[in-house]
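Q: Chains A and B are the protein sequences, given in the same order.
Counting in this note's numbering, the first sequence runs from 2 upward without gaps.
Counting in this note's numbering, the second sequence runs from 36 upward without gaps.
By construction, these hints were calculated from the structure, which means they are not laboratory data.
None of the hints are false.
Straight-line alpha carbon distances no greater than 20 Å define the calculated EDC-like cross-link-like pairs of lysine to aspartate or glutamate that follow:
| # | chain 1 | residue 1 | chain 2 | residue 2 |
| --- | --- | --- | --- | --- |
| 1 | B | 66 | B | 241 |
| 2 | B | 297 | B | 114 |
| 3 | B | 176 | B | 264 |
| 4 | B | 273 | B | 171 |
| 5 | B | 66 | B | 399 |
| 6 | B | 290 | A | 305 |
| 7 | B | 297 | A | 305 |
| 8 | B | 176 | B | 165 |
| 9 | B | 297 | A | 365 |
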Amino acid sequence: MNFAFTEEQIQLRATLRRFLTQTYTLERRRAIARAGGGCDPAIWQQFAELGILGLAIPESLGGIGGDAFDAMVVMEELGRSLVLEPYLSTALVAAGVLARAGSAQHQPLLRAVATGEIRLAFAHEERDSRWRLDAVTTRAVRESGGWVLEGHKSMVADGAGAHYLLTSARAASGLCLFVLPGALEGMTRRAVATHDGSSVAEIELAGVRVPAEALLGPEGGGLPLIEAASDVAIAGLCAEAVGAMDALLALTLEYVKNRKQFGVPIGSFQALQHRMADMLLHAELARSMSYLASAKLEVSDVTERRRAISAAKFLVGRSARFVGQEAVQLHGGMGVSDEVATSHYFKRLTLINASFGDMGHHLERFGSMMAA
Amino acid sequence: MDLNFSADEERFRSEVRAFVAAELPASIRDKVLGHKRLEREDFLSWVRILNTRGWVAPSWPRRFGGQEWDPARELIFEEECALAGAPPVLSFGPRMVAPVIMAFGTPAQQQYFLPRILSGEHWWCQGYSEPGAGSDLASLKTRAERRGETYVVNGQKTWTTLAQHANWIFCLVRTSSEGRPQSGISFLLIDMKSPGITVRPIVMLDGGHEINEVWFNDVEVPLANRIGEENKGWTYAKFLLGHERVSNATLGLSKRALRELKAIAAGTPAGGGRALLEIARFRDRIAEAEIDLMALEVLALRVIAMDRERHAPGPEASLLKLRGSQIQQTLSELAMEALGPYAPLHQPQALAADWTGPLAGPSDGIGITARYFNHRKVSIYAGSNEIQRNIIARHMLGL
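One chain only, chain B, in its complex shape:
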């Protein structure tokens, strides 16, 4: 047993660190670390920079333009990027739709879509949830009716992350109402510029716009944009869920949040010449979160080892999602509490990178309370924590 990364992996970490330090534009880094609003172009700039090294989707097979990194390298890469203040590479293209296209798409679909994910030309969003289909996803109602060589799609998707930036959406749609709900679903790739698509913003509790409703009104989709067979979409979607892996633990982001929390607490006066970080009552809570993060990291490494051993992902990813989201929320909560009396301030104008106007409260307090509110989402999205517990109970405990 050896819990250390290999010398080779440590060299790789240095390589990633040096690359990010050299290539990540300071303007983007400052926005990320300063909780400023990221524009579409910020995400895309970073994707283009990564693409010069072939690092947009490094776990892909080489024949599709990937590096065939194993999960340990992916974990190191994500951690280094997060700590350095790089914007996230969104999962929807590289990690969610791409594996489905690779496994079930036609050669023509693979040749068309995969390079455009790497170049950033296509920004994908996910059309799964509907107003009446959340955890019970198979009850979705958006219809696709066949008319000659096209499907005509009608219905509504919701909670669609960054659909306002996306030019493609992968959707689960109902193509049959016979049999079990799962057996009448198809998987379609839809151009967001298609006539009949309307994107309406959903303002979140922090005031931000990151999710949307996507409406489909007689939207025509070529049959060639269906993945695999008609009515087999559920199988492909389930395959995709099996790809949600160690990144569920969000180790890199939480390490960054912990570092930030300590910095805020160290710089916050708490009376008697002491900083908040020196107050046992508060320090204990930071310490507990840090210990939780240490344990999660070892657990994530164990899950990587288990997957490698059996050559297949297992249900343990649910443990990582469940715990990873709890830790993210705890860290956001502690950072907000560290602001103390300044926690209530809502200064959205300061989220613009070029804001130079007056600010109340500490400068490192910008966006902290908003993030606390925003992060309530992390135990809800990508399979709520209750769904994760269902998976653990069924697949790990046999209940």
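For reference, chain A alone in the conformation it holds in the complex:
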């Protein structure tokens, strides 16, 4: 049992926090959100130089071959600074799947991810799937040495801006993942804004033809890869939420210590102190479960891993909702204004709950694995 971070992780956190604190101000973030797409090329290039774009990529392919706790450290810091850039979808989720599937023809993509030249998206969800990992209706049909894809993808993070899409589709043999370039005959991508200033894409696939090499991993064996991608995304979102809750708690604490009413700081009122104590408790429970999710990411026992991932997503989601709502309430009128960071943290925390399974989804999944 050891909860200490390594020297490298401490260094990574410090470097990233210094960079983001100086660069990623609320004003800068607003500008990035206004521009649409949620990715500032200059910031992205800085991420490449910091090495974090290659975190999930082996050293032999230009990455740094980091582990789940390295990723957790990065995600906490991105959450703390409310970063919009699609780091999770490209560098951890999609690059992670590519590294795991290990198809030789796709490895050059990983080098390009590490240098920041390209971004990847994980195009899996569909309009009626509601987070169920195997609910894929998009069809993949073999045709003259290649594949034809027919269907759609929905709520794809960075789906309009990414250069390649890791796309799930159902073939006769089962679920498959394909690596599709972002521009193909028959593919349309429509960016849609989200409440946190980011964007997702709705993607139509009408008779999209790809060569045989587009298949990622074993034919019909896509589901384990999809689940691994979802697990990585969930652990990342949990860590991001923990970072965001840390920042939001600090903001709220500062506010109640400085805001005076009735001639005294409102933080001197016990009613508010107790609410803050509960916020801290729930943030620490969330941090505990975020650690657990990262710790169990590579566990071979499938049930143990699934239980930890679903438990973490549920509990972090509940903490995020609680801490977010309480922070807004304690900020009073300031909490419901666009002007202060509070509402932006609240919105991001709220939306994390709707990604890769909400509380109800994961509570159900956890319960279904319940051993009496």
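For chain A, the structure is supplied; the task is to place chain B on it using the hints.
A: This is chain B only, laid out in the frame that chain A set:
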């Protein structure tokens, strides 16, 4: 970062598990797991068995007869004992008064009292709360007046857990009314057989007798039974509060309660050939409690690591007490709800181990509703949850 126990700790867990399986008498285990009433002798039998291995107060220093276990081992030990159905080793002696005697007692006090805690000869209870001094403990009024080589104690303590079984009580008493309320308090060790002590039962809402009033009427206490200096008792009591640690999370007890809850729900028909455990509406609530318990466990392990890092306990124990008590209450509540229409039954005669008479309702329902009522105490005692939030706000948030 590594969230697993070490191989050494896992070996230790196996050792504890094997010991408890071999040594815990079935009659006691069945009472504990069946929510039957535990007699004084049941607690003491288990203390004597543990003492054969030196496991009554294993976190004590070796020179006082302990094993110097670290909190991780203590946590494993408590969990294994709880899951196996061992009665609790009450904190009052080994965990509450003993650390004070070790830190502030005289060598004579250490030599006399500490071995008798380990052997079970002394059963300690805690004389802190009074009718007018609960959360505001420093306002206590029980007086100790010096008369030569003795104190004469007058007043009343209350909510005194298992005082009916105890032969010693450690008390906070007022020896001065000057200055701040905290500065006139002394810490006395009092023989319960002293003339002038009266113990009166307080019946709890579940019908059980586990707490008492303890009255002091001109009770003579030798000066030699004072811990440390006169009027410094508050300092010693605060030191003691700093020792309430990871066991606040009651992980072992809650794991046992969760296991029991699942078993009840799995055995309760809920219509359509399905068990209650298969009904989503109920299963979701069990699942949420289980997830809460998982999070609490990791948090407890983190607190252990923090304490080890800084070589001192911190205020995070309040997070564990706050959450641990909420989870205990949730699990008790769910078990009662699982009984459904049988929840109202009050059959105290069935709490006797040898009861063979008629019973209404499911056999695993005995004591479940009583425990729900009884467990409202856990967010009140040992520093109410409101006091814990005060501590968190002040010491962790700087408010």
